[in-house]
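From just these sequences and the hints, can you work out the full model?
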Amino acid sequence: NAGVTQTPKFRVLKTGQSMTLLCAQDMNHEYMYWYRQDPGMGLRLIHYSVGEGTTAKGEVPDGYNVSRLKKQNFLLGLESAAPSQTSVYFCASSLRTGIIYNEQFFGPGTRLTVL
Amino acid sequence: AQSVTQLDSHVSVSEGTPVLLRCNYSSSYSPSLFWYVQHPNKGLQLLLKYTSAATLVKGINGFEAEFKKSETSFHLTKPSAHMSDAAEYFCVVSDIQTSYDKVIFGPGTSLSVIP
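Quick note, the sequences are listed as chains R and F, same order. The numbering of the first sequence is my numbering, which starts it at 1 and goes up by one. The numbering of the second sequence is my numbering, which starts it at 1001 and goes up by one.
Think of the hints as simulated: they come from the structure by calculation, not from any bench. The reader is advised that the hints may include incorrect statements.
Counterexamples of contact, computed for chain R against chain F with all Cβ distances above 10 Å [claimed, not checked]:
1. Thr15
2. Asp26
3. Asn28
4. Asn73
Each computed DSS-like pair below joins lysine-lysine, with the alpha-carbon atoms no more than 27 Å apart [said to hold, decoys possible]:
5. R:Lys70 - F:Lys1042
6. F:Lys1102 - F:Lys1068
7. F:Lys1049 - F:Lys1069
8. F:Lys1042 - R:Lys14
9. R:Lys70 - F:Lys1102
10. R:Lys57 - R:Lys14
11. R:Lys71 - F:Lys1102
12. R:Lys57 - F:Lys1102
13. F:Lys1042 - R:Lys9
14. F:Lys1102 - F:Lys1049
15. F:Lys1058 - F:Lys1102
16. R:Lys57 - R:Lys9
17. F:Lys1049 - R:Lys57
18. F:Lys1042 - R:Lys71
19. F:Lys1068 - F:Lys1058
20. R:Lys57 - F:Lys1042
21. R:Lys9 - F:Lys1102
For each residue, glycine too, the CB sits at the ideal point set by N, CA and C.
Written as C-alpha cells, this is what we have:
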C-alpha cells in the first residue's frame, strides 16, 4: 500500500514551458486535492475533485488545469509556467463518508522552480 | 468565513521540556480541527483530529490537544520534547460543510528542539 505518490519529485522549468504533475493514490479515495505551499502561507488549495471525471476550482486556480480521468489519478497541469508558480506542490486524498470531516492523506510533494 | 491563526511562527524548546504550539480559529459553526506535522522535505502527516467528541484529543508520538470552544483555541502540547519532534506544525480547520472535506490551513509553526 503506497498511499499517495507524486511524480516527479523535483523539476526546473523555464518561463513559458508547460508540464504535468501526476498524483496517484491506491486507497480508493473519492476526493483528491492539489495544494501549493509557500513560505509563511501554509497550504492553499489549487483544484480539487470529488470523483472520477469531476474537478473544481479551489482558492488559487489561475494558471493551472487538472484532470481526473481515473479515480486513482489526479493530474495538475501548468500550461505556461511563470516564476510565481515556483512552489512546493502537494497532492492529497480523502475518503468520502458524507458525515464528518476526514483526514487528508498527503503525498511527499513536488518541488518546482520556474526560472 | 473560517480562519486559523497560529500565534507563533517559530518555537524553540530544549529536549525534555514541554511543548506548546498555539492555535486559534474562527468559525461560525462547530468545526472539525486537525494538527498536521511536516518533517523537512516530507509530506504532511496527521497528528490528531477533533470532531466534536471528547475535547481532549490524544494523537501520535505523545502529542495531545484540547478543544476550548469559549476560547476558540486548539493548542497542541507534549510533556517532553524529543529531537525527532523538530518539524513544521500546521493547525487546520474544516470549512463550511461542502461536498468534500475542504479545510483551511494555518500558516504553520516551526518547532526547533535544542539538545
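Do the hints match the structure? See the list:
At roughly 25 Å, the least C-beta separation between Thr15 (chain R) and chain F is larger than 10 Å, which holds for a residue marked as non-interface. Look at Asp26 (chain R): its CB is around 15 Å from the nearest CB on chain F, clear of 10 Å, so calling it non-interface holds up. With a least beta-carbon separation of about 15 Å from chain F, Asn28 (chain R) lies farther than 10 Å from that chain, consistent with its non-interface assignment. The non-interface label for Asn73 (chain R) is consistent with chain F: the shortest C-beta to C-beta separation is roughly 17 Å, beyond 10 Å.
Taken as a hint, the Lys70 (chain R) and Lys1042 (chain F) pair is honoured in the structure, with Cα atoms around 26 Å apart against an allowance of 27 Å. Distance restraint check for Lys1102 (chain F) and Lys1068 (chain F): the Cα-Cα separation of roughly 22 Å lies within the 27 Å cut-off, and the hinted pair is therefore satisfied. About 15 Å separates the Cα atoms of Lys1049 (chain F) and Lys1069 (chain F), which keeps this hinted pair within 27 Å; it holds. Proximity of Lys1042 (chain F) to Lys14 (chain R) is assessed by CA-CA distance (about 25 Å); at most 27 Å being required, the pair is judged to hold.
Taking the CA atoms of Lys70 (chain R) and Lys1102 (chain F), the gap is about 21 Å. The hint holds against a cut of 27 Å. Proximity of Lys57 (chain R) to Lys14 (chain R) is assessed by CA-CA distance (about 25 Å); at most 27 Å being required, the pair is judged to hold. Between Lys71 (chain R) and Lys1102 (chain F) the alpha-carbon distance is near 19 Å, which keeps this suggested pair within the 27 Å criterion. The straight-line distance between the Cα atoms of Lys57 (chain R) and Lys1102 (chain F) is roughly 12 Å, inside the 27 Å bound, and the hint therefore holds.
A hinted pair counts as satisfied when its Cα atoms are at most 27 Å apart, and Lys1042 (chain F) with Lys9 (chain R) qualifies at roughly 11 Å. At roughly 14 Å between alpha-carbon atoms, Lys1102 (chain F) and Lys1049 (chain F) fall within 27 Å of each other, so this suggested pair holds. At most 27 Å may separate the alpha-carbon atoms for a hinted pair to count; Lys1058 (chain F) and Lys1102 (chain F) meet this at roughly 23 Å. Restraint check: the Cα-Cα separation between Lys57 (chain R) and Lys9 (chain R) comes to about 24 Å, which is no more than 27 Å; the hinted pair holds.
Taken as a hint, the Lys1049 (chain F) and Lys57 (chain R) pair is honoured in the structure, with Cα atoms around 26 Å apart against an allowance of 27 Å. Taking the CA atoms of Lys1042 (chain F) and Lys71 (chain R), the gap is about 24 Å. The hint holds against a cut of 27 Å. With a CA separation close to 15 Å, the supplied pair Lys1068 (chain F) and Lys1058 (chain F) stays within the 27 Å bound. As the CA atoms of Lys57 (chain R) and Lys1042 (chain F) are separated by approximately 25 Å, the hinted pair is consistent with the 27 Å bound.
Note on Lys9 (chain R) and Lys1102 (chain F): the hinted pairing holds, with a Cα-Cα distance of about 25 Å set against a maximum of 27 Å.
Going through the hint list in order, the structure satisfies each hint without exception.
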